[in-house]
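All chains should be modelled from the sequences, with the hints used to inform the complete structure.
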Amino acid sequence: MQETATASPTVKETLIGQRVRKPDAPDKATGKTRYINDMVLPQMLIGKVLFAGRPHARIVRIDTGAAQKLPGVHAVLTGKDVAELRFGFVRDNVALKDKVRCEHDEIAAVAAETEEIACRALELIEVEYEDLPGVFSPEAGAREDAPQIHDRFPGNKSLAFEFRHGDLAAAEAASELIVDNVFRPHHVTHCCMGTSCAIADFDHNGKLTIWTQTQYPYNYKMDLAPALGIHPGDIRVIQPPVGGAFGSKLDVYPYEPIAALLARKTGRPVKVMYSREEEFKASPTRQAAIIHMRTGCTRDGVLTFRTADVLLDNGAYTSWGPTIPVIMMRTTSGHYRVPVVDFKAQAIYTNNPYAGSFRGYGNVQTTWATAQQMDMLAEMVDIDPLEFHLKNAQRSGEVTPQRSFLRECALVECLETAATASDYSRKRKEYAALRDAPGRYKKGIGLASSIHNAGGAKIHKSDGIGTILKMDDYARVTVITGASEIGQGIDAVITLIVAEELGVPLEHVTLVNNDSDVAPWDVGVHASRTTFIAGNGTRRAARKAKAQILNAAAKMLEESPEDLDLRAGSVVRNTDGAALIKLERVLRQMHFQAEPELVMVTDYYEPKSEPEGAAHVSDHSAAYSHAVHIAEITVDTLTGEIKVDKVTVAQDVGRVINRMGLEGQIEGGLAIGLGYALSEDMRIENGMLKNACFRDYKLITAPEMPPLDLHFIESHCAEGPYGAKGISELPTIVIAPAIANALYNATGVRIFDPPMSPEKVARAIFERCAPAGSGAVEPRLAGTAA
Amino acid sequence: MKSVLRITVNGRAREDAVAANALLLDYLRDGLGLTGTKQGCDGGECGACTVLVDGRPRLACCTLAHSVADGTVETIEGLAHNGRLSRLQRAFHEHLGTQCGYCTPGMIMAAEGLLRTEPRPDRDTIRTALAGNLCRCTGYVKILDSVEAAVQAGEEAA
Numbered sequence: 001m002q003e004t005a006t007a008s009p010t011v012k013e014t015l016i017g018q019r020v021r022k023p024d025a026p027d028k029a030t031g032k033t034r035y036i037n038d039m040v041l042p043q044m045l046i047g048k049v050l051f052a053g054r055p056h057a058r059i060v061r062i063d064t065g066a067a068q069k070l071p072g073v074h075a076v077l078t079g080k081d082v083a084e085l086r087f088g089f090v091r092d093n094v095a096l097k098d099k100v101r102c103e104h105d106e107i108a109a110v111a112a113e114t115e116e117i118a119c120r121a122l123e124l125i126e127v128e129y130e131d132l133p134g135v136f137s138p139e140a141g142a143r144e145d146a147p148q149i150h151d152r153f154p155g156n157k158s159l160a161f162e163f164r165h166g167d168l169a170a171a172e173a174a175s176e177l178i179v180d181n182v183f184r185p186h187h188v189t190h191c192c193m194g195t196s197c198a199i200a201d202f203d204h205n206g207k208l209t210i211w212t213q214t215q216y217p218y219n220y221k222m223d224l225a226p227a228l229g230i231h232p233g234d235i236r237v238i239q240p241p242v243g244g245a246f247g248s249k250l251d252v253y254p255y256e257p258i259a260a261l262l263a264r265k266t267g268r269p270v271k272v273m274y275s276r277e278e279e280f281k282a283s284p285t286r287q288a289a290i291i292h293m294r295t296g297c298t299r300d301g302v303l304t305f306r307t308a309d310v311l312l313d314n315g316a317y318t319s320w321g322p323t324i325p326v327i328m329m330r331t332t333s334g335h336y337r338v339p340v341v342d343f344k345a346q347a348i349y350t351n352n353p354y355a356g357s358f359r360g361y362g363n364v365q366t367t368w369a370t371a372q373q374m375d376m377l378a379e380m381v382d383i384d385p386l387e388f389h390l391k392n393a394q395r396s397g398e399v400t401p402q403r404s405f406l407r408e409c410a411l412v413e414c415l416e417t418a419a420t421a422s423d424y425s426r427k428r429k430e431y432a433a434l435r436d437a438p439g440r441y442k443k444g445i446g447l448a449s450s451i452h453n454a455g456g457a458k459i460h461k462s463d464g465i466g467t468i469l470k471m472d473d474y475a476r477v478t479v480i481t482g483a484s485e486i487g488q489g490i491d492a493v494i495t496l497i498v499a500e501e502l503g504v505p506l507e508h509v510t511l512v513n514n515d516s517d518v519a520p521w522d523v524g525v526h527a528s529r530t531t532f533i534a535g536n537g538t539r540r541a542a543r544k545a546k547a548q549i550l551n552a553a554a555k556m557l558e559e560s561p562e563d564l565d566l567r568a569g570s571v572v573r574n575t576d577g578a579a580l581i582k583l584e585r586v587l588r589q590m591h592f593q594a595e596p597e598l599v600m601v602t603d604y605y606e607p608k609s610e611p612e613g614a615a616h617v618s619d620h621s622a623a624y625s626h627a628v629h630i631a632e633i634t635v636d637t638l639t640g641e642i643k644v645d646k647v648t649v650a651q652d653v654g655r656v657i658n659r660m661g662l663e664g665q666i667e668g669g670l671a672i673g674l675g676y677a678l679s680e681d682m683r684i685e686n687g688m689l690k691n692a693c694f695r696d697y698k699l700i701t702a703p704e705m706p707p708l709d710l711h712f713i714e715s716h717c718a719e720g721p722y723g724a725k726g727i728s729e730l731p732t733i734v735i736a737p738a739i740a741n742a743l744y745n746a747t748g749v750r751i752f753d754p755p756m757s758p759e760k761v762a763r764a765i766f767e768r769c770a771p772a773g774s775g776a777v778e779p780r781l782a783g784t785a786a
Numbered sequence: 787m788k789s790v791l792r793i794t795v796n797g798r799a800r801e802d803a804v805a806a807n808a809l810l811l812d813y814l815r816d817g818l819g820l821t822g823t824k825q826g827c828d829g830g831e832c833g834a835c836t837v838l839v840d841g842r843p844r845l846a847c848c849t850l851a852h853s854v855a856d857g858t859v860e861t862i863e864g865l866a867h868n869g870r871l872s873r874l875q876r877a878f879h880e881h882l883g884t885q886c887g888y889c890t891p892g893m894i895m896a897a898e899g900l901l902r903t904e905p906r907p908d909r910d911t912i913r914t915a916l917a918g919n920l921c922r923c924t925g926y927v928k929i930l931d932s933v934e935a936a937v938q939a940g941e942e943a944a
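Chains A and B, in that order, give the protein sequences.
Residue numbers are given in the working numbering: position 660 of the first sequence equals residue 660, and the series is strictly consecutive.
Residue numbers are given in the working numbering: position 149 of the second sequence equals residue 935, and the series is strictly consecutive.
It is worth saying that the hints were derived from the structure and are not from the lab.
We treat Cβ as the ideally placed atom computed from N, Cα and C, and that holds for glycine.
It is possible that some hints are incorrect.
[As the list claims (entries may be wrong)] In silico DMTMM-like links for lysine to aspartate or glutamate, alpha-carbon gap of 20 Å or less:
1. A/K646 - A/E416
2. A/K690 - B/D828
3. A/K698 - B/D828
4. B/K788 - A/D576
5. A/K265 - A/D234
6. A/K690 - B/E860
7. A/K32 - B/D812
8. A/K281 - B/D812
9. A/K32 - B/E831
10. A/K12 - A/D576
[To be verified] Some chain A residues well away from chain B (every beta-carbon gap over 10 Å; in silico):
11. A29
12. Q43
13. C119
14. L434
15. G487
16. R543
17. R588
18. A594
19. G613
[Said to hold, decoys possible] Residues from chain B shown here face chain A by an in silico Cβ test under 8 Å; the list is partial:
20. V790
21. C848
22. L850
23. S853
24. N868
25. L930
The following block contains the structure:
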């Protein structure tokens, strides 16, 4: 930090758009950070869960006698102890089950002095099951004679959604070209590097303290309370550092009430932590779906309608997964200018694992379909896909059929920037021409885009945030905020904004954001909202503090507050930047003067968005944004392997706040999308997960990560902090269909069911080149079964 | 059955009573409180538990503590000296090599192992050396940037 005793720059240097370091990085890089998984409390017991290990069964008998008697065991609980304590979105879940509905159903739980004793106790629990016929796909679950999974939900029907706009019959009649496909987005899971973990402890007034990985601490209390039969107000939520979340911690899952039930039973703190195998089996998935989509356009390439008929594999219980139609319909109706829309979705209970929210929530699945159909229609119209996209792209000020108001829309700029940077149109033509030329390796280039909420989503009654900002006598700033940190870097963004507004060094800002008894309300880290919402809250609070300080300083200096500013730790004169008095001196004088005052301000920010509503016609986010990805790939037509050579990204970020954090979010989000596109696949057979380890569930690794060419388009969002929009989900959403379109460009084949694994790609290429009946023999790698 | 394990951890010679079947990971985390070394999987699939044994990267979750008796173990806690971060640790801070940070200790120890045998690796060599370390947050770009920056800093210091 430069000492500026007499003069500061007359033009204020801004931190907005700079590269700011993550304040918690030094502790993370030295092993000092104590994650929830590392925590040990005095007298703490270890809780372990007995999972059913079968998809659908009646529990005939449970005998916990031998487990209870094992030395070191303090409690054993079964469904009998908690039968009435239902929780979840539609109250269909319970911490410990009285019937088995999926492989990872929690049947019993023990608390013991060590993990070893707890595991031994689980082995001693005898359970007699009567297996029932299962339901392993939504189509099977929807059949009239399907086995019933929940008595309360006849026909296995879970949530349903509908949205219609315009005259479909007329639009179909006016459509010269129609594409009609079925897409089957699959089950994948979050793979947080730190496995699920909760520590619960009751005090003698009946108040529960729960250390948890939750990313929505306030509604978490509301959702956890019914599982325990206590009042939400009697829960204190503490959020230690976590090893990732990505949406997986946006609901209550049974291990959390189980930890609390064991803690209440034993009177001691209880920690439940999953092994990696348990994590794969028992943590939520991304929602799997069957999407029947149709899109029409005129011979001139103007979109006429889009319909989506969606069947969701609800799994055994209802978490956030089957609520994704709320976003699916926004993409169906708002991804390009679509005048007529018909969307319906039905979730069907099955005996499969159940889905939660996952970065890109609903839009990963929908854009997989819409962005491929855009590419197909462009080919049918016989124009460059870029031109087709531009022809149908919305401009600023347009409103979608669901009333998403695209105030600042940079879709055209994103398309043009990415296409120019990657030389898209030339390469696309060149590669298509070489598609059927001899040679094992084919190059392809593919373009995809999407739209997503970029200023929260008002699906709760509030999408707001509370902020408390206080300053001490040494000009150190503490921000007490509801905004949770799950690795994404809101700590750096808040620090940057405070430093920008109050002219203090970044290192002088401290964040308190992990204790529900201390920090005020926030709806949680989701919906690409935190930089937008918490950024606004922080800026507003900082500006209130600044006004208070400048008023006080003006009196001290006999100046007008409008002529003063805060820069580099001092109060300065606006006109020449001259430092007039040190900020900390002003604060001390304010504190110790005859009429003393402290700087401690509060702010509540509620974005100007409309509640989602049952009709789904509302401007439900304070901003919307677009991203375009252009993927360049090489396909090995013999093995079916896709190598991604480069991805060009152009994303409307509103305005860059922390450039380094923005890059990190886009790179990381894109890597999750790459895994979804190419390799990640939960192999669920008859409700049982067959690949519950990283050896068999393939994440993207460092050598597979392609070079990225990132372009940030600044559309200057009027409602966003300094013009910024939320950014973190689009990178996960757009990449898979960009690769799918590149695969088509390279080989002429399309994959509708991700991932685009070598097996699927090789088979599709073989079938295209040697249609059935041609007598050609499909090549097989040595050692693989027929 | 416990027996005495003689071992040097982060430069300090120790003698501890350690069970014959104890993993190095559990000895470090539960025995010595060195929780910087992380458990991310059930055995050798994620790299979060990478430590250096006699200067070479080793997965602590697949290593019996007694199998490295009389050896030298270095963990993430041993890299900073007198409160000063190592060049890799500094680079991970300066270049956002860490988001949630759970994989970071394993990444840094794997990179440290590489730099000790190959002080000037190129980006592809770094990629290969870190291929066994999973990260779900960063997409690896800034991790590779961080290691490259540390290499650069090492050259400037030399």
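The hints, checked one at a time:
1. A/K646 - A/E416: holds, 17 Å
2. A/K690 - B/D828: holds, 16 Å
3. A/K698 - B/D828: Between A/K698 and B/D828 the Cα gap is close to 15 Å, so the pair holds against 20 Å.
4. B/K788 - A/D576: violated, 73 Å
5. A/K265 - A/D234: holds, 17 Å
6. A/K690 - B/E860: violated, 36 Å
7. A/K32 - B/D812: holds, 17 Å
8. A/K281 - B/D812: Cα-Cα ~24 Å, so violated.
9. A/K32 - B/E831: violated, 23 Å
10. A/K12 - A/D576: Holds - the C-alpha atoms of A/D576 and A/K12 are around 10 Å apart, at most 20 Å.
11. A29: violated, 4 Å
12. Q43: It holds; A/Q43 is separated from chain B by about 16 Å at its closest Cβ, greater than 10 Å.
13. C119: At about 13 Å from chain B, A/C119 clears the 10 Å cut-off, so the statement holds.
14. L434: holds, 27 Å
15. G487: Label violated. Min Cβ-Cβ 3 Å, cutoff 10 Å.
16. R543: holds, 28 Å
17. R588: The assertion about A/R588 holds, with a minimum of 30 Å to chain B.
18. A594: holds, 44 Å
19. G613: Since the minimum Cβ distance to chain B is about 34 Å, A/G613 lies beyond 10 Å and the statement holds.
20. V790: With Cβ-Cβ at 22 Å, over 8 Å, it is violated.
21. C848: violated, 13 Å
22. L850: violated, 16 Å
23. S853: violated, 21 Å
24. N868: Hint violated; B/N868 Cβ to chain A Cβ min 12 Å, cut 8 Å.
25. L930: holds, 7 Å
Hint check: violations occur at hints 4, 6, 8, 9, 11, 15, 20, 21, 22, 23 and 24; the rest are consistent with the structure.
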